[in-house]
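Peer 1: Note that the working numbering numbers the first sequence so that position 232 is 240, with each residue one more than the last.
Rather than coming from a laboratory, the hints here were simulated on the basis of the structure. One or more of the hints may lead you astray.
Said to hold, decoys possible - Dumping the calculated SDA-like pairs for lysine to any residue here, alpha-carbon to alpha-carbon at most 25 angstroms:
{"id": "1", "residue 1": "Lys163", "residue 2": "Trp511"}
{"id": "2", "residue 1": "Lys163", "residue 2": "Pro515"}
{"id": "3", "residue 1": "Lys121", "residue 2": "Gly99"}
{"id": "4", "residue 1": "Lys163", "residue 2": "Asp494"}
{"id": "5", "residue 1": "Lys615", "residue 2": "Pro209"}
{"id": "6", "residue 1": "Lys121", "residue 2": "Lys618"}
{"id": "7", "residue 1": "Lys163", "residue 2": "Val514"}
{"id": "8", "residue 1": "Lys833", "residue 2": "Gln792"}
{"id": "9", "residue 1": "Lys330", "residue 2": "Arg451"}
{"id": "10", "residue 1": "Lys833", "residue 2": "Leu797"}
{"id": "11", "residue 1": "Lys330", "residue 2": "Glu292"}
{"id": "12", "residue 1": "Lys181", "residue 2": "Ser313"}
{"id": "13", "residue 1": "Lys615", "residue 2": "Gly658"}
{"id": "14", "residue 1": "Lys615", "residue 2": "His577"}
{"id": "15", "residue 1": "Lys615", "residue 2": "Trp252"}
{"id": "16", "residue 1": "Lys618", "residue 2": "Leu576"}
{"id": "17", "residue 1": "Lys174", "residue 2": "Glu598"}
{"id": "18", "residue 1": "Lys833", "residue 2": "Pro804"}
{"id": "19", "residue 1": "Lys163", "residue 2": "Leu492"}
{"id": "20", "residue 1": "Lys330", "residue 2": "Asp411"}
{"id": "21", "residue 1": "Lys174", "residue 2": "Asp476"}
{"id": "22", "residue 1": "Lys174", "residue 2": "Arg524"}
{"id": "23", "residue 1": "Lys181", "residue 2": "Thr214"}
Because the structure is a prediction, the values reported are computed rather than measured.
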Amino acid sequence: MRKPQNAQQRSQGPQLEQRNAPPAYDPAAVEVKWRRVWAERRINVTDLRGAASPYYNLMMFPYPSAEGLHVGNVFAFVGADIHGRFQRLRGRDVFEPIGFDAFGIHSENYALKVNQHPGRLIPANIANFREQLRRIGLMVDWDHELATTDPAYYKWTQWIFLQLYKAGLAVRKRAPVNWCPECKTVLANEQVIDGFCERHPAVRVTQRLLEQWFFTITRYAERLLDNLKTLDWSESTRLLQTNWIGRSEGAELAFATPVSDPIRVYTTRPDTVFGATYLVLAPEHPLVEALTAGDRQADVRAYRSRVAQMDVVSRKVGERQKTGVFTGSYARNPATGESVPIWVADYVLMEYGTGAIMGVPGHDERDYAFAKHFGLEIRWVVRPAGAAARAPDPDVVDMPCTDWDGVLINSGQFDGLSCREAVPAITAWLAEQGFATPQVQYRLHDWCISRQRYWGPPIPVIYCDVCDVVPVPEKDLPVLLPPLEDFRPDESGVSPLARAEEWYRVPCPGCGNPARRETDVSDTFLDSAWYFLRYPSTEFPDRPFDRGLTEKWLPVDSYIGGNEHAVLHLMYSRFITMVLHDLGHLPFDEPYKRFRAHGTIVKDGAKMSKSRGNVVIPDAYIAKWGADTFRMYLMFLGPYQEGGDFRDDGILGQRRFLDKLWSTVLATGADDGGSERAVETKLHQTIRRVTASLEELRYNTAIAALMEYLNLLRETSGLGVSRPGASVARTLVEPMIVMLAPFAPHFAEECWERLGHAQSVFRAPWPAWDEARAREDEVEVAVQVNGKLRGRLTIPRGLSQQQVVDRALADAAVRRFVDGKAIRKVVYVQDKLVNLVV
RNA sequence: GCCCGAGUGGUGGAAUGGCAGACACGCGGGACUCAAAAUCCCGUGCCGGCAACGGCGUGUGGGUUCGACUCCCUCCUCGGGCACCA
9 MRKPQNAQQR
19 SQGPQLEQRN
29 APPAYDPAAV
39 EVKWRRVWAE
49 RRINVTDLRG
59 AASPYYNLMM
69 FPYPSAEGLH
79 VGNVFAFVGA
89 DIHGRFQRLR
99 GRDVFEPIGF
109 DAFGIHSENY
119 ALKVNQHPGR
129 LIPANIANFR
139 EQLRRIGLMV
149 DWDHELATTD
159 PAYYKWTQWI
169 FLQLYKAGLA
179 VRKRAPVNWC
189 PECKTVLANE
199 QVIDGFCERH
209 PAVRVTQRLL
219 EQWFFTITRY
229 AERLLDNLKT
239 LDWSESTRLL
249 QTNWIGRSEG
259 AELAFATPVS
269 DPIRVYTTRP
279 DTVFGATYLV
289 LAPEHPLVEA
299 LTAGDRQADV
309 RAYRSRVAQM
319 DVVSRKVGER
329 QKTGVFTGSY
339 ARNPATGESV
349 PIWVADYVLM
359 EYGTGAIMGV
369 PGHDERDYAF
379 AKHFGLEIRW
389 VVRPAGAAAR
399 APDPDVVDMP
409 CTDWDGVLIN
419 SGQFDGLSCR
429 EAVPAITAWL
439 AEQGFATPQV
449 QYRLHDWCIS
459 RQRYWGPPIP
469 VIYCDVCDVV
479 PVPEKDLPVL
489 LPPLEDFRPD
499 ESGVSPLARA
509 EEWYRVPCPG
519 CGNPARRETD
529 VSDTFLDSAW
539 YFLRYPSTEF
549 PDRPFDRGLT
559 EKWLPVDSYI
569 GGNEHAVLHL
579 MYSRFITMVL
589 HDLGHLPFDE
599 PYKRFRAHGT
609 IVKDGAKMSK
619 SRGNVVIPDA
629 YIAKWGADTF
639 RMYLMFLGPY
649 QEGGDFRDDG
659 ILGQRRFLDK
669 LWSTVLATGA
679 DDGGSERAVE
689 TKLHQTIRRV
699 TASLEELRYN
709 TAIAALMEYL
719 NLLRETSGLG
729 VSRPGASVAR
739 TLVEPMIVML
749 APFAPHFAEE
759 CWERLGHAQS
769 VFRAPWPAWD
779 EARAREDEVE
789 VAVQVNGKLR
799 GRLTIPRGLS
809 QQQVVDRALA
819 DAAVRRFVDG
829 KAIRKVVYVQ
839 DKLVNLVV
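Model the full structure from these sequences, guided by the hints.
Peer 2: Structure follows, in structure tokens:
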């Protein structure tokens, strides 16, 4: 960080300077004053019912950590706030709410670490965050603040669970789950990174079998995918979701077996079925036992139990040596009619497709490795494009051919077809005989919402020996989280809530017999899957979201946030919205009309992280430079949707700009109307540029355009050289203040007031530009000879090609390169460039 | 391995296929000052030249075009996502 002299000197300026010197810009005073005025005049409070032109401006609510806001949060919020303020200046009634995502593992782990109860820690963190958020000057309507830990909120989180339960979309499954020995809880697949816990990068995740609640999001896979095409979202985010859903097309093929059930396999390459020389079942496959021959029992059992002990994740990680075991049975290849051996191997996963595959070692990397290792037959049924007419010899070519651009061989009547042609042909042929069905598969998994933890909303279910699973009646919501002093998870794998005896034991709502509460709490992502629905309706204790307000304000007009939530939060909230829509609770099925992913702020080219020790804490910068300067600096770092590199130097540039603008405002005279044409032209160009830049979230270029304009304005008015008594016309200054207001709101308000306005600058209209006035009379035309720049002409706008060429040829520098040569061609771009080809 | 995104001065970055480097930081020089800070002015891609000016220049190599940072192909590096998903 820079030495503090600058700021101190600046802020002490007013006292030190001579009596008649103008007051210096004092950000601390200006910002305190305007935050007070905004609060007093309730300027950021939206009239939700009366708004004529509603605009819902959403930003991702923070998790209130003990460390406080970091610079990444500030970057995210300021960028969204600028968008909201811009919309407001354009006449929209902007609703900009904020809240706190305060449940979850983050909070609980931190509470464990400092040995304090999260119930006491979180309110303090929230108070701290609230203050920090106020200090960065957000246009937030604090009347609608919410916290997911508030029973008035999580009552409805539980209500949503019940709606899904009633609709059959919340199901209980015994399933192998990821278990983090450090968190002592189940992790979603998304929370497992390369086999390690997201929260504990050094801790390997293992496997446990637990009864869990799942939301069957997979039933919505197709819709989640299809709707994506219609959304105005960042391309990168849509792509991440598309890949996450992972749609693939293929066919399910049936291989007859000695037992009554055939083995069904899913394949994307039915064209290679003639090359299927073996089958593989996942170790958990239900047919394994029946298909294992007597003398293979011991081997198969040993193999399966070895796999069962392995954790879910490491089984899938890396290019391990393939393992497997032969069952001793054979199945019939429906295409060739031949018998093929049935194997069991852990490279086949039960959770995807049918849990069984056909092994086509000639044309699949994994099958090839497996067949090589176990000496299984490798048969080529595709000749790669460009290869010789004969099939390549597996003994010579030591790799499979996974090419789609090949031609079938060794495939009976299908020989000669291209792979692409063969897929539908073979599928149809097998389908006729009852051996095939076209099939679409998705990679997406169901959403496990159970957490064996304390700090979350209890899942509202009661277990009764008579009635089995009984949902808590809606009238009994919320199921309050019991105030448990010792909230530590233990090795049992059971939630700490099981130890709250009084809470745990309840009469069954159905039959009144003694029953037990579900002791798991729900995933934090469920809390955040619907928070945007709650904001407009925070005042209603009796409904999750008011129908009228919801219709008026939703879906969200603009959502700006980080791409780290591209597949989890954004997918889950889309899913919940779809379900609530289908159940008749919402009139729309997509929550966010427009989503923009902002970039990441890095430090010295590296991601900020505690372990690197390069985390930038914004507080000191704001204290020293003021929030407005800091906001502008962050936005100037680079394109908002790409992020930027935070450096301590550089912030001074933004402060200099505001200082210069400040002195310009103080030197603004009465409207003399005598503005120079060049400045006026530049003003209209600037309005056009800033408007376009703001629409595209290109905040860095918007600021640059304002700087350019101010530089010209000061130069032409004599302010730059501190000419005594120099003044500048009001009409040339005021639009700039309005355009700056989204970036530096406190500063703009103060300037606006000093310019004589009684109303907030945010009541002013966004300046309009006039195309005619933005156009220059004279243009500079580049003169190229053979594409190389050889001269420039300043000429009146609108000359004909011939006139321009004549003038270009009058230029000595140009003639040097043209003289003595014939001009073969002339390319003229009106008022911009002329290229003489000689 | 597969799918995205990005490589431009000392630095952050700017440029609907049409003057590469806007804007800003930093740096050099000057003014003001007893001096410093702040402020203001001038300069600042690289090479050659006193200069006029010339040559080179947007990760690499090729291509399309009158003209390419921009479009196409190859490769390299960095960042992100997915990954035994059949």
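Peer 1: Of all the hints numbered above, which does this structure not satisfy? Sort the numbers upward.
Peer 2: 3
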